[in-house]
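Engineer: Spelled out, the chains give:
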Amino acid sequence: MIALRQASPRRLHAAGPSSHTLRVGLALLCGLCPAMAQDDAVALRGATVHPVAGPPIEGGVVIFAGGKIQAIGDGQTPLPAGATVIDCEGAVITPGLVDAATALGVSSRDANEQGDEVTPHLHIVDVIDPAAPAFRRARRAGVTTAQVSPGNRNAVGGLGAVVKTRGDTVADMLVRDETCLRVTLGSEPSAGNRPIRFGTPATIYYRRPNTRMGVVWAIRKAFYDAMAYRDRKTVPEEGEPAASDAGMEVLLQALERKLQVRTTARAEQDIRTALRLAAEFGYETVVEEATEAWRVADDLAAAQARVVFAAPSADSSTDGAKPRWHSLNALAAADVPFAIATGSNKAALDLIHEVTFAVRNGLDRDAALASVTLEPARILGVAERVGSLEAGKDADLVVWSGDPFDPSSRPTRVYIDGKEVQ
Amino acid sequence: MNVRLPSWNLLLWLATLSPSVCAQDQVVVKAGKVITVTKGTLENAVILIENGVIREVGQDIEAPWDATVIDASDKVVLPTYVVAHTSGGMSNPNENMANVPYLTVEDAVDPSSQFFEEALRNGVGTLHVIPGNATLLGGRGMIIRPFGRTVEDMAVRTAAGLKVSLDPGRGSRMAKIRKLHRAIAEVREYLADRERREAEFAKEKEAGAVAEDAEFEEIDPKKKPVVDLLAGKATAFFYVPSAAEIAEALRIRDRYGFKAVFVLGPACSKAATRLARLGEPVVLMPELEVWETDPDTDEESMYCSAAELAKLSVPFALGIAESTRGRPTGPTRYPWWQMATCVRNGVDRQMALEALTIVPARILGLEEELGSIEAGKVANLQIVTGDPLQATTWVDTVLLDGEVAYQRSEDPRLRHLFGEAETTEDAR
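Protein sequences appear in the order of chains A and B.
If you count the first sequence from 1, position 336 lands on 336 in my numbering, and the numbers rise without skipping.
If you count the second sequence from 1, position 152 lands on 152 in my numbering, and the numbers rise without skipping.
Honestly, the hints are just simulated from the structure, not real lab data.
A quick note: this is a predicted structure, and the numbers were derived from the prediction, not measured.
Misleading hints may appear alongside valid ones.
If the Cβ cut is set under 8 Å, some of the chain B residues that face chain A in the computed set are [stated by the list, open to error]:
(1) I219
(2) D298
(3) E300
(4) V343
(5) Q390
(6) T392
(7) G419
Using N, Cα and C, we set each Cβ at its ideal position, and we do this for glycine too.
Take the sequences, apply the hints, and build the full model.
Structural biologist: Printed below as a string of structure tokens:
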């Protein structure tokens with residue numbers, strides 16, 4: 001995202017790529033010689049391993065070193081000399097969970113910029129607090145990677161990022177910045193805005209949209225403005241190039257399909273609007289929340305949209321959208337790729353319990369596990385590093401006391417980048 | 001002996017008189033597995049029910065040829081759950097005034113409430129419905145089954161526990177405690193005064209100043225529930241919101257000498273050692289896991305009240321999420337979630353199961369009738385599709401008093417929630 005960096009130089013990028021390259025190099029080196037002695041090599045032995053990328057292995061072995069997975073195999077897999085061997089008999093190992101919609105580490109005061117309804121150029125990484133207790137709670141519950149997005153009170157909210165749930169600085173935690181641009185439909189962006197009734201508008205709240213129509217228009221106008229901006233850029237007026245505009249640059253990225261749009265839409269009408277806007281402007285969208293996806297599964301499939309379904313345990317209507325227990329079954333039947341996330345519902349349970357409810361309501365177990373590991377990793381564009389247990393990927397994994405979909409089970413050990421976390 | 005003979009004859013006569021009635025009321029449940037709760041688990045067992053009561057449980061019981069047979073040979077049968085304390089199913093469980101011991105939930109229970117529908121769907125067969133925790137002396141509860149069109153249909157026992165609560169709500173804890181003491185003291189003063197007047201009345205009667213057939217005034221009905229409580233004729237369901245109030249709750253109970261079942265908020269587990277000394281079972285509010293953040297270190301820690309009590313072997317009864325309107329929400333409305341939450345936090349499986357069966361039955365004084373599958377107990381059974389602590393297990397059939405009260409295959413709301421009916425109208 002060259003253009004973005006030009007528009008807003010980001011200190012985080014400086015640290016990101018170099019350490020990443022270093023780690024990939026290490027992984028390659030280790031991948032070439034798996035039996036090589038590793039000082040920090042760890043071997044987890046005896047558990048049922050669900051690599052997600054392949055079939056489960058009974059009594060399997062997972063070996064990792066240097067923060068990367070070295071090997072996965074059955075009980076016969078040779079262990080590297082000097083490796084710390086941990087007996088996990090009776091346990092179940094899955095990849096670390098990936099939560100594709102969170103506000104982890106963002107204080108509620110910082111999630112929503114109220115200066116404008118369209119703020120595409122805001123970066124969530126600027127407000128993530130690595131020491132926030134929410135990260136600790138998430139990783140203890142088996143979530144090792146999370147998408148963090150700006151709040152849902154703006155029509156166009158800003159840029160989200162994917163982070164690990166452990167790290168001293170945001171740069172340490174960052175897996176991928178600028179993963180998507182948050183757009184919100186429905187009544188949330190206008191909630192609290194007041195229509196003009198008395199005299200002159202005195203506050204910002206008077207100017208902002210206060211209907212669904214107004215919200216959609218704010219989004220549409222933003223993209224029209226971006227298109228006009230692009231035209232000005234390519235055909236400068238009177239020989240003067242237009243001044244660079246950070247927000248417009250972000251929207252252009254979306255229009256050029258270089259940046260995913262994450263549209264929060266719950267009710268059927270909002271999901272359809274999300275698809276209509278995406279078709280109108282030609283951007284790629286992932287539908288978030290998607291409570292009434294059960295009504296529009298076929299349309300989502302036809303539009304080749306992907307879904308980040310939030311909080312399947314939630315059972316009460318939000319913003320007019322009626323949850324149904326077969327929502328995810330309907331998406332699976334229509335072959336719509338989906339992730340399960342906790343989303344913006346304050347009553348959302350730990351991610352694994354959210355999936356457990358989907359399994360209770362009939363979702364296939366393999367699809368359920370993929371929906372909180374590999375599928376969200378793919379949607380977030382970080383599947384080369386996380387989401388499954390494969391040699392070369394980050395050593396993010398969870399050792400469960402039993403079947404992860406058994407509500408009596410709990411994580412007994414959680415590893416992020418090969419380090420056990422508390 | 002001479003006196004007893006006729007009664008034996010009478011019994012024999014009754015037995016010959018109603019064979020057809022008996023035959024009609026015989027139900028046999030053939031179960032793949034029976035979780036009796038109190039007597040272990042039986043594989044491939046038969047439960048024989050007669051007139052709504054369990055007659056026999058065992059592996060080699062021959063089913064009477066004319067009994068109604070319920071085939072659950074691929075399923076698990078366990079007693080229906082007993083909820084020892086809930087304020088669900090009433091449109092407004094809390095009176096605005098602080099002291100209203102004369103109220104009764106009999107006047108507030110809404111048989112059509114979705115709370116009861118949901119309870120039955122999840123295998124609950126008995127609930128002690130009692131006023132909410134926002135009052136001090138809050139009124140009488142009643143024990144009901146979540147099945148029936150009227151409160152009378154649903155009633156198992158009227159006039160059950162009396163709600164006493166130490167929830168500070170608005171206002172200071174001290175003021176609330178003082179108010180509660182004052183309310184009880186007023187009743188004691190009334191009783192003392194009444195006793196004095198009764199003695200005078202008796203004297204006057206002796207002197208002929210009052211008519212021979214005149215009777216002394218009855219106890220003021222507004223004060224009667226508290227009078228019963230002080231006389232040990234009623235049990236207080238004593239709500240204690242946090243560990244801070246436990247000492248006071250014990251003091252109040254001992255000072256006035258009433259029977260009390262403690263109903264504990266999730267933050268009470270910090271005083272678990274104190275409760276352990278009681279040796280009595282307690283009731284836990286539905287929220288079992290509580291998170292605390294240390295203001296200095298920002299360290300978050302989670303307490304599970306059930307686990308803390310289990311460590312000290314204090315028996316406890318579990319609650320389920322309440323709702324006054326509409327379906328209750330959140331996972332705590334599911335008994336499987338509540339029990340699994342206990343196990344997840346280190347409670348023994350059997351203890352978790354007992355917390356929704358035999359322990360609440362004991363708390364309600366119904367352990368002779370409910371809470372396990374044993375000969376002589378009421379045939380309140382649930383037939384479920386698997387391990388009752390698993391999320392994927394569903395309640396298939398509920399029998400209350402030996403009769404089918406719920407069947408999943410005929411549950412319109414489930415069909416609706418699974419999108420099998422287009423609209424709610426169709427579902428109905």
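Engineer: Any hints from earlier that this structure breaks? Give me their numbers in increasing order, please.
Structural biologist: 1
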